[in-house]
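Student: Work out the full structure: start from the sequences and follow the hints.
Protein chains in written order, with the working numbering: chain Y, 1 to 433; chain W, 1 to 235.
Hints may be right or wrong, so weigh each one.
[Said to hold, decoys possible] Under 7 Å between C-beta atoms, here's a sample of chain Y residues computed to sit facing chain W: (1) R114; (2) L115; (3) P120.
No lab work stands behind these hints: they were computed from the structure.
The beta carbon of each residue, even a glycine, is placed where N, CA and C say it ideally should be.
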Amino acid sequence: MTRIDPIFAIIALLLLVGGTIGAALAGESSVVAAITLLTGLLTALFAVISRRRDEESVAAPPPPIALSSLPPGIDELIEAVDDPMLLVEGRLVKHANAAARTLLGAHIVGEDIRLAIRHPAAAERLTGRTSSSEAAWRIAIDVVGVGERERQWQLVMHQLRGGNRLVRLVDRTATYATERMRVDFVANASHELRTPLATLLGFIETLEDGKAGNDEVTRARFLKIMFREAKRMQQLVDDLMSLSRIEAEKYSVPHDPQALLPLAQEVRDSMRASRQDVDERVRIDAAPHTADVIGDRAQLSQLLYNLIGNALKYGRPGTPVRVSLDTAPSGMVRLTVADQGEGVAPEHLPRLTERFYRVDAGRSRSLGGTGLGLAIVKHIVERHRGRLDIDSVVGEGTTVTVLLPAAPASSSNRNANATETNRNGLSGIAGTA
Amino acid sequence: MPNGNAHTVSAFDNDMGQLRALVSEMGGRAEAAIAESVQALMRRDLDAAARVVEEDRKIDILEVEVERQVLRLIALRGPVADDLREALAALKIAGIIERIGDYAKNIAKRVPIIQDAKSIEPMAILPAMGRAAADMVHDALDAFAARDAQKALDVSMQDKAVDDFYNSLFRALLTCMMESPQNITPSAHLLFIAKNLERIGDHATNLAEMVYFAATGQILPDRPRGEDMLAAERV
Numbered sequence: 001m002t003r004i005d006p007i008f009a010i011i012a013l014l015l016l017v018g019g020t021i022g023a024a025l026a027g028e029s030s031v032v033a034a035i036t037l038l039t040g041l042l043t044a045l046f047a048v049i050s051r052r053r054d055e056e057s058v059a060a061p062p063p064p065i066a067l068s069s070l071p072p073g074i075d076e077l078i079e080a081v082d083d084p085m086l087l088v089e090g091r092l093v094k095h096a097n098a099a100a101r102t103l104l105g106a107h108i109v110g111e112d113i114r115l116a117i118r119h120p121a122a123a124e125r126l127t128g129r130t131s132s133s134e135a136a137w138r139i140a141i142d143v144v145g146v147g148e149r150e151r152q153w154q155l156v157m158h159q160l161r162g163g164n165r166l167v168r169l170v171d172r173t174a175t176y177a178t179e180r181m182r183v184d185f186v187a188n189a190s191h192e193l194r195t196p197l198a199t200l201l202g203f204i205e206t207l208e209d210g211k212a213g214n215d216e217v218t219r220a221r222f223l224k225i226m227f228r229e230a231k232r233m234q235q236l237v238d239d240l241m242s243l244s245r246i247e248a249e250k251y252s253v254p255h256d257p258q259a260l261l262p263l264a265q266e267v268r269d270s271m272r273a274s275r276q277d278v279d280e281r282v283r284i285d286a287a288p289h290t291a292d293v294i295g296d297r298a299q300l301s302q303l304l305y306n307l308i309g310n311a312l313k314y315g316r317p318g319t320p321v322r323v324s325l326d327t328a329p330s331g332m333v334r335l336t337v338a339d340q341g342e343g344v345a346p347e348h349l350p351r352l353t354e355r356f357y358r359v360d361a362g363r364s365r366s367l368g369g370t371g372l373g374l375a376i377v378k379h380i381v382e383r384h385r386g387r388l389d390i391d392s393v394v395g396e397g398t399t400v401t402v403l404l405p406a407a408p409a410s411s412s413n414r415n416a417n418a419t420e421t422n423r424n425g426l427s428g429i430a431g432t433a
Numbered sequence: 001m002p003n004g005n006a007h008t009v010s011a012f013d014n015d016m017g018q019l020r021a022l023v024s025e026m027g028g029r030a031e032a033a034i035a036e037s038v039q040a041l042m043r044r045d046l047d048a049a050a051r052v053v054e055e056d057r058k059i060d061i062l063e064v065e066v067e068r069q070v071l072r073l074i075a076l077r078g079p080v081a082d083d084l085r086e087a088l089a090a091l092k093i094a095g096i097i098e099r100i101g102d103y104a105k106n107i108a109k110r111v112p113i114i115q116d117a118k119s120i121e122p123m124a125i126l127p128a129m130g131r132a133a134a135d136m137v138h139d140a141l142d143a144f145a146a147r148d149a150q151k152a153l154d155v156s157m158q159d160k161a162v163d164d165f166y167n168s169l170f171r172a173l174l175t176c177m178m179e180s181p182q183n184i185t186p187s188a189h190l191l192f193i194a195k196n197l198e199r200i201g202d203h204a205t206n207l208a209e210m211v212y213f214a215a216t217g218q219i220l221p222d223r224p225r226g227e228d229m230l231a232a233e234r235v
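Tutor: Laid out in structure tokens, this is it:
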């Protein structure tokens, strides 16, 4: 428009001047002069109007760049990101990636952003009611309960070209859970240690009293309980120590080949002392030609001890516990320990290997569990660069599968002798879940 | 644009979108107020409580804004059918959310009063009850945002849980008062707080009813109610 403007003005001026001169020179052609004058006036008017319209269009802010005019492929790019992302034009959600649609619902596209994310601080930021300096923009907002409850998100906003915004939600649930787990661990450990201690102190006090202390039967009974509680505490301390030891060695991969079958038999034998039904219930069989595994002998036997111990404890009395060894399709050695018990409900499975996590705390304690057994198993498997799978069918039983890296075939023979010499490696065994 | 159909007059869609966004923002604030007031109570955090009271003013301002917008929308655009329902529902929902905000504020106001009281055992139930009530509001607002009648229906079913919480807290607090006269003042305040949460649950049900009405044009079918304590007293 601006470019045409001066041309309009010149034409109008020429016509006006021409019309006036024409009118002054020849009186008889006044009609022509009048028409020229009129045209000139109209042109001038048009020029003025167009100038004004131009000014108006300058005063109005440039319309935001339509998101559809973003380079092609951007949508696809955003779609591929796992974090929920929203492209916001003005206040309207123009595009939401798959993660965002799952979290917030597909209806949010085309709606106001405040409808999608209801959070006071986010609403203020998104509607620009607070100061929108560049620094303030970058501060993430913690948002709880978007989509599912209990999930913690961090909302980050980025300014894009033309006033558009990219709103990104980052899942912080895991970070918060880790933090909570650390706090919980200390609290749990102290609690678990204090309980047997309180029992011990109580009984000691009672025994100090002459009446109870002198009675043979009562004393024997009390001492038995005290012994059991002290044993439990010792077990717990042992478990805690082995857990921290395994964690400390996390990055040093073991390199000695170990034969699992003799180790499993050894563990079974060592369990005879504490349980009578071991021989009839535990059945160990290995597929022929199962390779040795690369591992730490003491830790592997602890793993076996914990898994077989759990299976014996949580399997129904008298039911068999099957320990089997074979080679997985991936070439790793597969150790399976299966019991026939009540099983574990699916919602507990992801948390089974957490320290002090118990499906049924009372039952676990009464069976002498410390709540650390599977945590230790998990850490041992992790250190061995193996895999741990727990499958459970409620009412039928639980199957724990451990995959461990196989030793190269050449080193297996050497190991056959090694097992004999390492017999004493079992002494450090402790703990079950 | 109800039911996903855009109107010929896109200005109407803009107005309606703006209105819904305002209601949603109000809801977000009320939700946060419930969670924060209960947290302030449990942590005995006076600053947080004062903040909740302060923030409630913003909910009130938003309510006035919603009312203004609805009036303008009806006067200028003359909506019919589902649009009219939606506008009216927005108006009523704004009123309900404002009440919910007031209850949260009321809880926050009691924080300083029971600040010095020794811990009352039944108080441990309050966070769970607060979460149940806040969940209802949360779900009702989700249903509003999605125009989801089924979800609204689900919310109205949750009210029983909050009512049950209230009934058990009522008994527990009464026992607590009988145990020691010192407990009476803080227990009475806790009772009011529990009542406030229970009312929030009821209002969340009302909210769900309005969402259901806006989405379907029908009144929500009758819901199962918690044990009516007043009826039991009379027997």
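Student: Could you run down the list of hints and mark each one as holding or not?
Tutor: Structure-based check of all given hints:
1. R114: 4 Å, holds
2. L115: Constraint on Y:L115 satisfied, holds at 4 Å.
3. P120: Since the shortest Cβ distance to chain W is 5 Å, the answer is holds.
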